[in-house]
Amino acid sequence: MTWYYVYAIVPGTISLPNDLRGITDETLFLIGSRALAAVVGECSDQSYDPVPSLVLSHHRVVARICEQSPALPVQFGSRMNGQDSLRTALDERYDAFSRDLERLAGKVEYGITVPMDDDTSASSGAGAISEAPAQSGADYMRRRLSEYQRENQLRTRAERIRDELDEVLGTLASEWHEETMPRPGIMFRGSYLVDESMIEDFRQSVDQFRQRNSGVEAVVVGPWPPYSFVSSTGHGPGGMYGANSS
Amino acid sequence: MDELSARSSREIALVELIDRVIDKGVMISGDITISVADVDLIYLGLRVLLTTPDKLHQSRARRSEDSGGSDDLVLRVRDRSGNDIPPE
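Here the protein sequences come in this chain order: A and B. Quick note, the first sequence lines up with residues 1 to 246 if you use the numbering used here. Quick note, the second sequence lines up with residues 1001 to 1088 if you use the numbering used here.
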């Protein structure tokens, strides 16, 4: 049977751009069920390694689709064996997909990431080079307390950044996920679902945040397809990260 | 305080994008293509080679030769006015 690589879930009535090809340069087409369709390309039965070039190619395909249609981005590397299994997958989650398409239509994702600066990473407990072994139990306890206090300080700083951002962004995002200390080297990371009509306001608010917090470096990414806000992965409202929605 | 170098920002942006594309989005197939360990390797082993858009259109997608291999890729970075910042 033919394998299909899946890029996005879309309304069944859309047309794909003529010049849009897949990540192995394959022709793209729709496989539909009722009012929904999946954007697919034929592929082999080999799974794909998530090497950056392929992942970026996948993103470019998804982004082109989102430029002209409501679309649910599908995770990289998703392959289905045969048209029937694809149609079944669409049918099984038909209502959830339809609701997601409505909810996410005309919306984009922005990300705001604040890395640890040199001062904080040098003083953070994680990965700190240990000094000579503790000479005594009291010495050991002192060091533990000191590490604990450093981590607390970091967390407090990260929470302050989150609160500041929430204040300036206000109601500009209809949904958002925010994490403090999500991974080594990163103090804060937020994802925001923004209506296309609010993009300019959103950008200005981020600038406002920068002006008020000149000591904080924020890397802003987007506008992207709303990867983090599809409900079918458990990362949406009420999902793993305690997302908020208005 | 020194500003983040353009390169650091680019690398962070790249990680943020790749993380979303491989870990978020609709999970439609039963196969899990990416293991958690793979994601950690990607964070640790990413090397960014900036190339021109022309080269990317010409080159076909290919697997890296080994886990430490570098990949040609393009990341477009924009300044706050929306103007493209060319690769270093």
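Since the hints were made in silico from the structure, they are not lab data. One thing to keep in mind: the hints can contain errors.
Claimed, not checked - To give a feel for the contact side, a few chain A residues facing chain B, derived at Cβ under 7 Å: (1) 50; (2) 74; (3) 80; (4) 172.
Stated by the list, open to error - A short list of chain A residues far from chain B (calculated; beta carbon distances all over 10 Å): (5) 59; (6) 109; (7) 151; (8) 155.
All C-beta atoms in this analysis are idealised placements derived from N, C-alpha and C, irrespective of residue type, glycine included.
Results for each hint:
Interface restraint check for residue 50 of chain A: the shortest CB-CB distance to chain B comes to about 5 Å, inside 7 Å, so the restraint holds. Here the hint on residue 74 of chain A is kept, as its CB sits about 5 Å from the closest CB of chain B, short of 7 Å. Of the supplied interface hints, the one on residue 80 of chain A holds, with its beta-carbon coming within about 6 Å of a beta-carbon of chain B, less than 7 Å. Interface restraint check for residue 172 of chain A: the shortest CB-CB distance to chain B comes to about 17 Å, outside 7 Å, so the restraint is violated.
With 10 Å as the threshold on Cβ separation, the claim that residue 59 of chain A sits away from chain B is violated: the shortest Cβ distance comes to roughly 5 Å. Its closest Cβ contact with chain B, about 8 Å, brings residue 109 of chain A to no more than 10 Å, contrary to its assignment away from the interface. Look at residue 151 of chain A: its CB is around 21 Å from the nearest CB on chain B, clear of 10 Å, so calling it non-interface holds up. Under the 10 Å C-beta cut-off, the non-interface status given to residue 155 of chain A relative to chain B holds; the minimum distance is some 20 Å.
The structure does not agree with the numbered hints 4, 5, 6 stated previously, though it agrees with the rest.
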